[in-house]
Amino acid sequence: MPPPHAAHARSFSPISLSRWARLCLCAGLVVLAGCATTQPRQTADAGSNHLLRDSYLLSTQADPLGAWLDSKDSLALDYPQSTSRHATPAPKTLANTALKFLGVKYRYGGDAPGEGFDCSGLVAYAAEKSLGLKLPRTASGQAQAGISIDRNELRRGDLVFFNTLGRRFSHVGIYLGDKKFVHAPRSGAAIRVESMDIAYWRKRYNGARRLKPQSATAQR
Numbered sequence: 275m276p277p278p279h280a281a282h283a284r285s286f287s288p289i290s291l292s293r294w295a296r297l298c299l300c301a302g303l304v305v306l307a308g309c310a311t312t313q314p315r316q317t318a319d320a321g322s323n324h325l326l327r328d329s330y331l332l333s334t335q336a337d338p339l340g341a342w343l344d345s346k347d348s349l350a351l352d353y354p355q356s357t358s359r360h361a362t363p364a365p366k367t368l369a370n371t372a373l374k375f376l377g378v379k380y381r382y383g384g385d386a387p388g389e390g391f392d393c394s395g396l397v398a399y400a401a402e403k404s405l406g407l408k409l410p411r412t413a414s415g416q417a418q419a420g421i422s423i424d425r426n427e428l429r430r431g432d433l434v435f436f437n438t439l440g441r442r443f444s445h446v447g448i449y450l451g452d453k454k455f456v457h458a459p460r461s462g463a464a465i466r467v468e469s470m471d472i473a474y475w476r477k478r479y480n481g482a483r484r485l486k487p488q489s490a491t492a493q494r
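Numbering (our numbering), first residue to last: 275 to 494.
One or more of the hints may lead you astray.
[Stated by the list, open to error] In the DMTMM-like style, the derived pairs of lysine to aspartate or glutamate whose C-alpha atoms are separated by at most 20 angstroms in a straight line are:
id, residue 1, residue 2
1, K477, D424
2, K408, E427
3, K366, D385
4, K374, E468
5, K408, D385
6, K366, E402
7, K379, E468
8, K374, D385
[Unchecked claim] Per label pair, the in silico range of CB-to-CB distance:
id, residue 1, residue 2, range
9, K403, D471, 25 to 31 angstroms
10, I472, G440, 18 to 24 angstroms
11, E427, A473, 21 to 27 angstroms
12, E389, I421, 29 to 35 angstroms
In short, the hints are calculated from the structure, not lab data. For every residue, glycine included, the Cβ atom is placed at its ideal position computed from N, Cα and C.
Work the whole structure out from these sequences, hints included.
Written as structure tokens, this is what we have:
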């Protein structure tokens, strides 16, 4: 029978110590492996965030319409008296009022924000709220309001008309300057700003009218 201290001595034998060292080494490798798998995941996550940020910045910088709308001067109606240093504050403008409804869905026959607008409904609503004018309800009727102007005389707040249905003055929008206009385009779309230089609108443009707050109101 081995002496009582033999079992205790066996636990510290070179073989046991070697096995214990191997176990410690394996545990360390597992920990390191865990760090190695974690680190690339963090890098990948960071890379994804950078891609999202870069994509967002790229789309923002490539949005000339968004940048244009950020310019307060682009939204002001260009009345002559507004250039005077001693002029009274300009009233709410036709352009500003219409731009408040960007994104509102088109609705045929609509003439209020809660229900949506068609092209002439948007113009009629904005003219009444900003200039106090009660315009005819149709685009063709609105083409008789105010005074006729040439295309090279256009300024912000003028009405621009297009032939979109095979007849004159079948569509109307509000000129914003820089060859842009705001309008309610069609069913399934929303009120938006577009360029009159687009081939579709350039070919169909057929006149413009200028409204004035002091003009006699046109009746329905």
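The hints, checked one at a time:
1. The suggested pairing of K477 with D424 holds, with an alpha-carbon distance near 16 angstroms, which does not exceed 20 angstroms.
2. At most 20 angstroms may separate the alpha-carbon atoms for a hinted pair to count; K408 and E427 exceed this at roughly 24 angstroms.
3. Among the hinted pairs, K366 with D385 is consistent with the structure: their alpha-carbon atoms are about 19 angstroms apart, no more than 20 angstroms.
4. Restraint check: the Cα-Cα separation between K374 and E468 comes to about 15 angstroms, which is no more than 20 angstroms; the hinted pair holds.
5. Between K408 and D385 the alpha-carbon distance is near 12 angstroms, which keeps this suggested pair within the 20 angstroms criterion.
6. Between K366 and E402 the alpha-carbon distance is near 11 angstroms, which keeps this suggested pair within the 20 angstroms criterion.
7. At roughly 16 angstroms between alpha-carbon atoms, K379 and E468 fall within 20 angstroms of each other, so this suggested pair holds.
8. Proposed proximity of K374 and D385 is supported: the alpha carbons are some 14 angstroms apart, at most 20 angstroms.
9. Separated by about 29 angstroms at the C-beta atoms, K403 and D471 satisfy the suggested range of 25 to 31 angstroms.
10. Judged by the Cβ atoms, the range 18 to 24 angstroms given for I472 and G440 holds: they are separated by roughly 19 angstroms.
11. In this structure, E427 and A473 meet the distance hint of 21 to 27 angstroms, their C-beta atoms being roughly 23 angstroms apart.
12. With their beta carbons about 31 angstroms apart, E389 and I421 fall inside the hinted range of 29 to 35 angstroms.
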